[in-house]
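Participant: Full structure from sequences and hints, please.
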Amino acid sequence: MNDLPRKPLGPDADALASARPKYVGKAVQRLEDPRLLTGAGRYTADIRADRMVHAAFLRSEQAHARIKSIDCEAARGLPGVTGVYTAADFAGIPVIKAPSRMRDYRATSCTVLASEKVRYVGEPVAVVIARDRYIAEDALALIEVDWEPLDVAADPESAAYDGAPLLHDELGTNILFERVFETGEPDDAMAQAPHRVSGRFRMHRKSPLAIEPRSYVAEPDRANDGLTLYGSTQIPGILRDILSGLLDLPGSRIRVVAPDVGGGFGGKGSLYPEEIAVCALARRLGRTVKWVSDRSEDLASTSQGFDEIIEAELGFDDDGALIALKGRVTGDIGAYSIYPWTAALEPVQVVSFLPGPYRIPHYRGEVKGVATPKPPTGPYRGVGRPASVFVTERLIDMAAAHLGIDPAGMRRKNLVAEDEFPYRIGSGIVWDRSGFAECLDEACSRIGYEGLRKLQREARAAGRWYGIGIATYAELTGIGSRISVAPGMPINTGTETASIRVDSTGAVTATFAVASHGQSLETTLAQIVAEELGVRPEDVRIVQGDSGATSHGTGTYASRSAVLGGGAAIVTSRVLRDKIKRVASHLLEAAVEDIETGNGRVFVAGTDKSVTFAEVAHAVYSDMRALPAEARENLEASESYDPVTGTTTTATHIATVRIDPETLAVSIDRYLVAEDCGRMINPLVVDGQVHGGVAQGVGAALLEELSYDETGQLLTGSLADYTVPTAAEVPPIEVFHLETELPGNPGGFRGMGEGGTIGAPAAIANAISDALSPLGVGVTELPVTPERLFRLVSEARNKTDTEK
Amino acid sequence: MSTRIDITLTVNGEEIVETVEPRMLLSDFLRDRLGLTGTHVGCEHGVCGACTVRLNGVTARACLTFAAQVDGARIETVEHLGTVASLNRIQQAFRKHHALQCGFCTPGFLMTVQEMLETLPLETDEEIRDALSGNICRCTGYEHIVRAVRELADEREGAAA
Chain A
1 MNDLPRKPLG PDADALASAR PKYVGKAVQR LEDPRLLTGA GRYTADIRAD
51 RMVHAAFLRS EQAHARIKSI DCEAARGLPG VTGVYTAADF AGIPVIKAPS
101 RMRDYRATSC TVLASEKVRY VGEPVAVVIA RDRYIAEDAL ALIEVDWEPL
151 DVAADPESAA YDGAPLLHDE LGTNILFERV FETGEPDDAM AQAPHRVSGR
201 FRMHRKSPLA IEPRSYVAEP DRANDGLTLY GSTQIPGILR DILSGLLDLP
251 GSRIRVVAPD VGGGFGGKGS LYPEEIAVCA LARRLGRTVK WVSDRSEDLA
301 STSQGFDEII EAELGFDDDG ALIALKGRVT GDIGAYSIYP WTAALEPVQV
351 VSFLPGPYRI PHYRGEVKGV ATPKPPTGPY RGVGRPASVF VTERLIDMAA
401 AHLGIDPAGM RRKNLVAEDE FPYRIGSGIV WDRSGFAECL DEACSRIGYE
451 GLRKLQREAR AAGRWYGIGI ATYAELTGIG SRISVAPGMP INTGTETASI
501 RVDSTGAVTA TFAVASHGQS LETTLAQIVA EELGVRPEDV RIVQGDSGAT
551 SHGTGTYASR SAVLGGGAAI VTSRVLRDKI KRVASHLLEA AVEDIETGNG
601 RVFVAGTDKS VTFAEVAHAV YSDMRALPAE ARENLEASES YDPVTGTTTT
651 ATHIATVRID PETLAVSIDR YLVAEDCGRM INPLVVDGQV HGGVAQGVGA
701 ALLEELSYDE TGQLLTGSLA DYTVPTAAEV PPIEVFHLET ELPGNPGGFR
751 GMGEGGTIGA PAAIANAISD ALSPLGVGVT ELPVTPERLF RLVSEARNKT
801 DTEK
Chain B
1001 MSTRIDITLT VNGEEIVETV EPRMLLSDFL RDRLGLTGTH VGCEHGVCGA
1051 CTVRLNGVTA RACLTFAAQV DGARIETVEH LGTVASLNRI QQAFRKHHAL
1101 QCGFCTPGFL MTVQEMLETL PLETDEEIRD ALSGNICRCT GYEHIVRAVR
1151 ELADEREGAA A
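One line per chain: the protein sequences are A and B, in this order. Residue 804, in the working numbering, is where the first sequence stops; the numbers in between run on with no holes. Residue 1161, in the working numbering, is where the second sequence stops; the numbers in between run on with no holes.
Hint data in this document are derived by calculation from the structure and do not stem from the laboratory. There may be inaccurate statements among the hints.
To be verified - Here are the simulated lysine to any residue pairs, SDA-like style, with alpha carbons at most 25 Å apart:
#1 A:LYS68 with A:GLU297
#2 B:LYS1096 with A:LEU31
#3 A:LYS26 with B:SER1086
#4 A:LYS117 with A:PRO34
#5 A:LYS799 with A:HIS402
#6 A:LYS799 with A:TYR423
#7 A:LYS26 with B:GLN1092
#8 B:LYS1096 with A:PRO732
#9 A:LYS22 with B:ARG1089
#10 A:LYS68 with A:GLU116
#11 A:LYS609 with A:ARG632
#12 A:LYS97 with A:LYS117
#13 B:LYS1096 with A:PRO683
#14 A:LYS26 with B:ARG1089
#15 A:LYS609 with A:SER622
#16 B:LYS1096 with A:PRO34
#17 A:LYS22 with A:GLU615
#18 A:LYS22 with A:SER622
#19 B:LYS1096 with A:ARG35
#20 A:LYS26 with B:THR1065
#21 A:LYS26 with B:GLY1072
#22 A:LYS22 with B:ARG1095
#23 A:LYS26 with B:VAL1084
#24 B:LYS1096 with A:LYS579
#25 A:LYS97 with A:GLY251
#26 A:LYS413 with A:ASP318
#27 B:LYS1096 with A:ARG42
#28 A:LYS413 with A:TYR423
#29 B:LYS1096 with A:ARG536
#30 A:LYS579 with A:ARG536
#31 B:LYS1096 with A:SER622
Facilitator: Structure, rendered in structure tokens:
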């Protein structure tokens, strides 16, 4: 591939294409794989330093209690213990608040360690620093806390009542925000609708559960009075900015690095007290401080997902045309409003996306977020959309059943049609053209939908429970600055910058503020840069996940990195390519417009005259005879990209399930996804993202629940109780891609990393409901654990028996 | 805690003589004492499989094994497979099929798959899925892992034929 074309190249596109291979759209093997496959990756827990000490946190065993006293003397006396610290030791650090410009938003105040009182089981109360982790944990057992238990309202509905025990006394209420979205006349339209279906739905709390537990290493730079935090984080840039303020250090003296990170799914996308604590202690002690959470701590203290009660009603006419939708969402946001996303993130997204990809003229969505004595909720893959899609797709199926029409037909009738884009839904979100109906049709045709219905009739006739579930959804991804300012968060997430340089050896380095934690960005961004610059992907080194490498940037979350990072890669590469062409035009004595690049060379189109990138670099940086001074342009470029609005990604998922009438075991028979994410950078990576998202959706639908009792104690605190899907529970997943019309961003990309988790819970819930429809059972609560399914089926059977 | 135990063992072909506390986990011993950080710790209670190593040829959870228990044993970790410059067949198949994303669970899967290929018929994908079900991956949804193992199992049969 390195060979220069021997034949003179004509100016036609085919010849150019052969000199300049396309990498975007190709299943390029991942550049990060060799190190990760050989144990040569470097995750935070792998980092060691001289004189390093280890932290262990004492966590609250109480959901809501006053701390009367903490006795650390015995712990301090243990040999090997460097120190034991409580809230007072961090008094110099400002209180953490996640403000919002949302009207009447009540931001909670959070300290590094709980002072005066605790607000959830697992909240850090004290921290031990010791020679090794074993001793640190020994010391934890010697700390004695005298608690004064306070009343607990663990359930968000009871916590919302006047007179409920207050978590944050200064706020005077547990309701942190309330919002209403309204379009049309939902009350009148609903009252006049010929048909209505409604339900009370619940999406239980779950853990993002990245397989790498959260870990941090804070390394003081004693020479410069600075600090480097290595951490399992998705947001090194956001952390650098907030820690700079909290620790009163200029950004030039604090650096946050996300080395190899073992998954995130939102759980590593917020600021954590442990991050601040290890930084402060590293500065105080002048020693590197390491903390690696164990799995139980991770389950109890990493930001949690979902947890909403959603009452919703859908009105429609005799033909199945949707008329009105009303939803009332109560979000259980936990004890604190998480930084920077605020408590509004998840529940507001539920009402924002409730109307889905459908034409519904009248809509009202009401939402409130209620503080409860549980760990804070935060971003989790899909944010709000898994719950909204679950509710809306259940209602669509209920409406179809009510009218006796097919669920696929019901959807087709109501999906926003090709000529209606851009389409504004009742919550104000605007969908750009995306293959809503095309994905539904593709999914139905690929899975052989009519044949499945025939199978189902045969199964039912034989007394077997077999169900088919569809979920169609749309999501907003790659969000730009105009939309990211809307929630009034304290940060800008709507822009991304790339800096790309060719060094004096001709090697290409491209730097981004994104932070890959499994997304393959070292490969996909290299593919983009390689294609635009005219080199090979393996010739491009991607630097990312290091706040010290960029002036601003936030990280990787919210399906943004392909659209924003990829967009920045394209615009920056083009500026740099033009510089390279200008320099080469001097060297090759040809007009700039005749210069092309490809395979690491710069050549005159239609001739065999060429120079290598290394020769261009040598001429610019090293051989001062090669170019006139004014032509020595530094081979660097840095450009930002802001998509301003967002782009619409859509998919239809179809699941088929078999349920054993004896054991009630649910097995997913087939699972198919048809999706439109615009142009794919790397189809293998896109498939992998869909598969992984679906697997987490299987967990959300059937298994994964952080169950808290009425006193706020976590009942599922280990992987023995908090069960996640293994290869035996996840079915083979078939994925089909559509590219209906490319969105108007530089690469034509749409974000897609979250979609699998958005569609799967709804598709599986609909499939189970469909299988059990002869019993009159419908799923309204996720996950449908074996116990929940048993209750649903038993109640239905008892009811049938009573009626007999 | 003051008791120390002398152990002699073979790790990735190298003889190791060390003194450990009775409570030191094999996972911590490999990672912190020997610097073999390719063995990852995902749950410390034997469920996730990220710390899977081979102990006298049989897969074992390093987080549920004490270093003191492996006196006289032979241990292989992910570092014993191929290198960055020369991936072994299992690693190549994982790369080809994009059977890893974040890579944290991957060393455990590789050790499990190595044993599966040595000991199981793996005639059906269902059998592959069952055999993989002691290792948790949160990124891939397992589909590409199954495809990688399918290719390796087919190749093995081809070679045997």
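Participant: Within a Cα-Cα threshold of 25 Å, do LYS1096 (chain B) and ARG536 (chain A) meet the stated pairing?
Facilitator: holds, 18 Å
Participant: If you draw a straight line from the CA of LYS1096 (chain B) to the CA of PRO683 (chain A), is it 25 Å or shorter?
Facilitator: holds, 13 Å
Participant: For the pair we were handed, LYS413 (chain A) and ASP318 (chain A), check the Cα-Cα distance against 25 Å.
Facilitator: holds, 12 Å
Participant: Holds or violated: LYS579 (chain A) and ARG536 (chain A), Cα atoms, limit 25 Å.
Facilitator: holds, 19 Å
Participant: Would you mind confirming whether the straight-line C-alpha gap from LYS22 (chain A) to ARG1089 (chain B) stays at or under 25 Å?
Facilitator: With a Cα-Cα distance of about 28 Å, the restraint between LYS22 (chain A) and ARG1089 (chain B) is violated, given a limit of 25 Å.
Participant: Regarding the pair LYS1096 (chain B) and PRO732 (chain A), is the alpha-carbon distance no greater than 25 Å?
Facilitator: holds, 18 Å
Participant: Hint check: LYS799 (chain A) vs HIS402 (chain A), CA-CA at most 25 Å. Holds or violated?
Facilitator: holds, 20 Å
Participant: Check whether the Cα positions of LYS97 (chain A) and LYS117 (chain A) lie no farther apart than 25 Å.
Facilitator: holds, 17 Å
Participant: Given the hinted pair LYS68 (chain A) and GLU116 (chain A), is their alpha-carbon gap at most 25 Å?
Facilitator: With Cα atoms ~7 Å apart, LYS68 (chain A) and GLU116 (chain A) stay inside 25 Å; holds.
Participant: Taking only the CA atoms, is the gap from LYS1096 (chain B) to SER622 (chain A) under or equal to 25 Å?
Facilitator: Since the Cα atoms of LYS1096 (chain B) and SER622 (chain A) sit roughly 40 Å apart, the hinted pair is violated (cutoff 25 Å).
Participant: For the pair we were handed, LYS1096 (chain B) and ARG42 (chain A), check the Cα-Cα distance against 25 Å.
Facilitator: holds, 22 Å
Participant: Quick one, are LYS68 (chain A) and GLU297 (chain A) close enough, alpha carbons at most 25 Å?
Facilitator: holds, 24 Å
Checked against the numbered hints given earlier, this structure breaks hints 4, 6, 9, 18, 20, 21, 24 and 31; the rest are met.
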